[in-house]
Amino acid sequence: MKKIFLIFMIVFTAQVSLAQVKSVKGVITDSDGMPLPGASVAVQGGQKGTTTDFDGLYTIEVQKGQSLVFTYVGLETQTIVVGDAATINVKLVQGASNALNEVVVTSLGIKKTRKSLAYAAQELKGEELTRVKDANLINTVAGKIAGVAVTRSSSGAGGTTKVTIRGNSSFVNNQPLYVIDGIPLYNGGAGQPNGTFGDLNGGNKDGGDVVSLINPDDYEGMTVLKGAAASVLYGSQGANGVILLSSKKAKAGAESFNVNSVTTFETAAYLPEFQSDYTSNPGDPRSWGPKQKVEGDKEIKDFFEVGNTQITSMTFTKATDGASTALSYANTNGSGIIPGNHIKKNNFGIRQTSKFFNDKLSVAVTANYVTQTINNRPTNGLYFNPIAGVYSHPRAFTLNDLKTYEVFDPVKNMMQQNYPGFATVNESNENPYWQINRQKSVDKNNFFTGAIALDYKIAEWFHLTSRYSYNRNESNFQKGMYGSSATSLVHPTGRYINSNLIGTQNYADLIALFNTKINDNFSFNGTLGTSINHSRTTGLTIDSGIGGGLVYDNIFTLGNFVNNNGNVQTGSEREVQSVFAAATFGYKDYLFLDVAGRNDWSSTLANTQDPGYFYPAVGATAILSEMTTMPEFVNYGKVRATFAQVGNDIASTITSPTSSIVAGNIVNPTVGPRRGTSLKNELKSELELGTEWRFFNNRLGFELSYYTSETKNQFLQVPAESTNPDGFTFYGINAGSISNKGFEVVLFADIVRGEKFNWDTRINFSQNRSRVNDIPSESTGGRIVLTDPGSNSYRYSLIEGRPFGVIEGFDFKRDAQGRILVNDDNTLQRTDWKEIGNANPDFMLGWSNTFKLGAFTANILLDGRFGGEVLSLTQAINDFNGVSKATGDARNAGTVNINGVKASDGTAVTSMDPYEYYSNVAGRNGVSSQYIYDATNVSVREVSIGYTFNKTKLPVFQTATVSLIARNLFFIYKDAPFDPNVALSTGEGLQGVDVFGMPSTRSIGINLNLTF
Amino acid sequence: MTLNIIKRTAICLSLLAAFSCTDNFDEMNQNPVGATTPDLEQNFNNIKSLIKPAFTRLYISDVTWQYQLQQSLQADGWSGYMTTPNEFGGINNHNYNLNQNWNGYAWDDAYVNIIANLFKIEQRAKGKYDQFYSWSLIIKVATMQRITDMYGPAVYSKFGGDGLATYDSQEQIYTQMFKDLDFAVTDLTARVADGEVSKFTETDQSNYGGSYSQWVKYANSLRLRLAMRISKVNPSLAKTEAEKAVNHSIGVFKLNADVLKIKSPLDLNVIDVMSHAWVGLFMGADMESILGGYQDPRMAKYWEPSVQVAGEYKGVRTGIVYPTPSTYANFSQTGARTKTGEVTWMSTAEVYFLRAEGALRGWNMDGVAKDLYEAGIRASFEQNGVEGAAAYIADNVKVAKDYVDPINPVNNSPAVSKVTVAWGATNEINLEKIITQKWIATYPDGQEAWSEFRRTGYPKLFRITNNKSGGVISTALGVRRLPFPLSEATNNPKGVESGVAVLGGPDNGATRLWWDVDKANF
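So the sequence lines, in the order shown, correspond to chains A and B. For the first sequence, position 976 matches number 976 in the UniProt record's numbering, and the numbering has no gaps at all. For the second sequence, position 54 matches number 54 in the UniProt record's numbering, and the numbering has no gaps at all.
Bear in mind the hints are in silico, worked out from the structure with no lab data behind them. Ideal Cβ placement from N, Cα and C applies to all residues, glycine included. Check each hint, because a few of them may be wrong.
Stated by the list, open to error - Calculated from the model, a selection of chain A residues having no Cβ within reach of chain B, i.e. all distances over 12 Å:
no.: 1; residue: A269
no.: 2; residue: G296
no.: 3; residue: E305
no.: 4; residue: Q416
no.: 5; residue: I546
no.: 6; residue: I555
no.: 7; residue: S572
no.: 8; residue: F585
no.: 9; residue: Y587
no.: 10; residue: L828
no.: 11; residue: F843
no.: 12; residue: A855
no.: 13; residue: V956
What the hints assert, rightly or not - Here are some of the chain A residues that sit facing chain B, going by a computed Cβ distance under 8 Å:
no.: 14; residue: T570
no.: 15; residue: Q577
no.: 16; residue: T653
no.: 17; residue: S656
no.: 18; residue: N697
no.: 19; residue: T729
no.: 20; residue: Q767
As the list claims (entries may be wrong) - Simulated restraints on C-beta separations:
no.: 21; chain 1: B; residue 1: A257; chain 2: A; residue 2: S678; range: 33 to 39 Å
no.: 22; chain 1: B; residue 1: G209; chain 2: A; residue 2: S678; range: 44 to 50 Å
no.: 23; chain 1: B; residue 1: G457; chain 2: A; residue 2: K813; range: 34 to 40 Å
Generate coordinates for the entire structure from the input sequences, incorporating the hints supplied.
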């Protein structure tokens, strides 16, 4: 390091020693007004030269009359004669080749040329995020980035989305880190469901997160850093990949006002199929009664409404010399397909940048505030979920009968739940309209983020940058449940839950950035920094409880609680302090060597041998097309290789176990270290190789990446022996590893490039194989259960030697010939728990096409997921209840054909009575192997057809476009009875299964975009 | 807060990792809304707070599914009291194909939520605040008596050592339980004599209000129960301990005010929830046969008439074929007895029946067998608020009635219990009467009823008809114990090994416990 400093000093002195000439400064931008860092400015015929800084700024000493030559690889060189002006701003336009000039936003917001990157980074332009807008920005990423799996939650508009980059590499958290303008975003929420029954405390709730709240119109683009090498500078939090978002910046000297309005209509697509031939017997909650026409699919279809989402956003930007302002407001208003479900969201944003002290100091201040309210956010599972009742209700009465969801009870002088034919209801058979109207919930989120970024230019080649940001997310859930709901969920006097969780994050960093050309051949780019990240959550839940109840019926307020037993306060805190350094050495602009290292100290490793841990990265890049002479049609060729490690801390409070008090009772900490043992950080190591090529004037190109990673010393919670003296339920240990290997291909082509018609296509392909290893056989039996089955036949586990996330269930016991073993009492023999499916896809494929014909633009995105399995407990329960089409068909046929054999005497059993068969096999705890489906599906994910009005004929607008848009239009292929791209949870558990999740929606609408 | 962070950040950043600022990491890493030990030391709260959980965990009275796993799916069924007529996919306890995913719950919960806390009390109070230590010992014995009567060998003396704990034999456990009761009774009796003001009052969740003498009375009654349990395997020790209990200055339960009752903190009754809200727990056929045959007035307190046979009490036979979970959904559900949200740990009636049996065995029980037997019946009638005890006691005609299954006649059976209520002639017959009446009085505590059934063979219960144990457990003898928990097999295999070594048979449901000797009652 010292040597490098010396070199800087020499260069620096050489520059300042030039006297008696004038100083010229300016900004070099590309044709879009984006500043170009690293562009070179030279005095023609002389030896003096400099490069632009990160904001494209340069200063050079030059004599009047001399010429300045501005060059940037891939852009056309410009030569300007110096006159009297002290400022020369230059816009460099695209040259014939554009492969070498791309600038990519990388870790910590540092812009780098794409060619110098030693790892895979894939970008999405802002337009990609807003073209077919979704209430959650992340949903628009599906199919567009190789190696990124996007799984929506079944909780409707405003719900969270699970993003997995290059497979799952952690037992507890696989979400990527989101970074806005170089600053990590706090993305906490109120948690995810993890049970097939449904949470007793108000149902399986999507606790929301922050990234689903942000306004896509605030961002001009996204970069996804997929590997460990790319994210090493973010440390622990970046171990699962990093998604960088860059705020829209005002273009110098311009002002604009943009209005965007999107209106879409959503309909329930892909419902299960129902029978219409058999009714139910009186008093029986199942529909196995006599043959009689009943309402089938129609009443189910009619239950769902046409949803509607309107997103209107406005952006004002203005930039003058040295200062810029961007203001934005967005409003989202929608209703879901389940009656009573509404979303309202307001986003406010402001970004102000200014320069001081002869433009040496740049200050950027950003603030965003979001407030979101969701009524009756859809749940899943069996409890508090109207879908369960809609599908399951006994067919002796119709959904229309259920609309009279309450009747007057003169004895109590109040309304009581009405379920025709039944005196009482139970937790899995409540009147869905009662649930909608008398168990209402409200989810509220308030998110604030404020940031200030200072950048001080000490010298051309040396900047100091410091940033501070504060994030605060408040999630509130309220549910008032009226008495006469199922008494196992709600006290007869009613129940009220009000749960509030506040997550805050304070982030600060100080970074020194070096960027210089040592001589014509060698360049150096360095980063040295330190950061601190402090986060804290505080939760407060008041719950009148199932047993406690309310003093006065159905009055939902804390003062009306009978007791304090359900009121709980929670909290946790985490601080990570870090130092890091990174350097890129360039040789002749075609060979690059990257080295980086980071040391973290985490509060979660308190009381261990060392709370600090170090990890390095090294990478190399060669631009082959610059190094050697290639055939003319090759525009760009690059090979790259990196090896990187990322350390990861553990969950907070584990190494400092503290008792808590709940309802006046001391509760032992449930988890702590085993006596006499200590804990340490997890460590991910990844090797990545890649190559990038472009041909035929950049009209055809591809990128190929191969990676292999292993995450070791996974933090695990294993069951403690119940006779341990600390009263722990679990021990926290380091064990287990997950390895992932795979490759990604990005292929793009401008198939037709003409005056009138253009056709671009892009294919993203990725394949990942994961394997779980080193699960201690002792105390886990080689299995970590991510989702406990309760008494249902779905279990989601990590099993030694198997891929991450295996679906376990029951299968038939069969003889050597594969025949099902049948007992004498006609029950079918079943196995113990066994693997019945694998939730991971074999590969994913996204194919997007853009067609331009005159003023029309059409985009079509096909999204495919191949391989893997899903389980439908919905179908199993519908079969058990005799409401499914399958059971209707079976009864019409008279029997169910099976390939079975009597276990006792070997006589063949070829058919069974449908009632007997489905009572044996179906249901939430049946033979679940019969309800496994291939998860392979190919869908038309996004379609848009836009028309751009002719600028010259527009009255007041600068631009105007209108487009027809559609999302999830239809499946080209699908096997499962539900949309396998939707999950019940966006956490680690409850994957690859459906239990009365809200049906996936198809949305069609109009997008109008105007700029004044 | 923010200022603090800025300050620390500034300092940390300026030091640039020359030193990291990790001093306050431990404080930061603790649960900010937790309870630290120094905070808890005020007012003995670090001790009191550890007693409290036992009140809701000995018989789990707040979370229904947990009680279901703790006792309902095991002893409450095998005692003949009630049943959950559900196949549970073929792996269930009532058909003797023991479901090990359920059967470890009682063990795990007892150690994690009771014993680990009591161990901390020992460390904090023994020799310093012995009244608390004594109290913790009484609760420890109450807990471990249930655990050892379920599983046999268990962790007792080795709890709290380094590394994985090994098991004591059941004989060792009983010996230590008597010793622990000795300490507690001696200490608290002395405090009663000294007129010490109770330190338990705020903590006591029972109807005793912290009274030292009531807790001594309970300890003595518990000792009597333990003594009777070992009456066949070690008659002399049994006699000594039983007489020690009855003849102690404070003595055993005599009035219904002595009944030890705990109020559920949620004021819910888990049995009621399972029966009514879950529609998953119904009257056992034995209850219908015995209470029905005696025309016992407690029937209307314990059960509700069925819908199946309108107006009549209809029980479900346990361990039969249950075509679907709802086949028997219209049979009798639980009644007023299990609606109060109160859990009975021990009843005065039980103590009278214990003394009656003791007297029958020739022990000095401060009374004659017949009187004590009848006093037991009267105490139970009074406890349940029903009339007609005198006529009931005198009845020498009515016997248990035959059982008819209105859904499947295969399950019909003539009555198996043949005794009347009125006091009889031989010791064996009178023992059967005592235990049968105790069985009625102890409802709904299936654990105690199942233990006494194993010890004496009474009351005579209907056998199961659908034995799926694969030949392991005989239909005639029924389940004799719970296998060691799965959690122990995986997390403490050495412990299980040490337990099997002193079990005296294979680790399955057929092996008899130490006190469950295969010989005549007299």
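Evaluation of the provided hints:
{"no.": "1", "hint": "A269", "in the structure": "holds (34 Å)"}
{"no.": "2", "hint": "G296", "in the structure": "holds (24 Å)"}
{"no.": "3", "hint": "E305", "in the structure": "holds (32 Å)"}
{"no.": "4", "hint": "Q416", "in the structure": "holds (16 Å)"}
{"no.": "5", "hint": "I546", "in the structure": "violated (7 Å)"}
{"no.": "6", "hint": "I555", "in the structure": "holds (19 Å)"}
{"no.": "7", "hint": "S572", "in the structure": "violated (7 Å)"}
{"no.": "8", "hint": "F585", "in the structure": "holds (23 Å)"}
{"no.": "9", "hint": "Y587", "in the structure": "holds (30 Å)"}
{"no.": "10", "hint": "L828", "in the structure": "violated (9 Å)"}
{"no.": "11", "hint": "F843", "in the structure": "holds (36 Å)"}
{"no.": "12", "hint": "A855", "in the structure": "holds (52 Å)"}
{"no.": "13", "hint": "V956", "in the structure": "holds (45 Å)"}
{"no.": "14", "hint": "T570", "in the structure": "holds (6 Å)"}
{"no.": "15", "hint": "Q577", "in the structure": "holds (5 Å)"}
{"no.": "16", "hint": "T653", "in the structure": "holds (5 Å)"}
{"no.": "17", "hint": "S656", "in the structure": "holds (4 Å)"}
{"no.": "18", "hint": "N697", "in the structure": "violated (49 Å)"}
{"no.": "19", "hint": "T729", "in the structure": "holds (6 Å)"}
{"no.": "20", "hint": "Q767", "in the structure": "violated (36 Å)"}
{"no.": "21", "hint": "B:A257 / A:S678: 33 to 39 Å", "in the structure": "violated (54 Å)"}
{"no.": "22", "hint": "B:G209 / A:S678: 44 to 50 Å", "in the structure": "holds (46 Å)"}
{"no.": "23", "hint": "B:G457 / A:K813: 34 to 40 Å", "in the structure": "holds (37 Å)"}
Violation of the numbered hints given earlier is confined to hints 5, 7, 10, 18, 20, 21; the remaining hints are satisfied by the structure.
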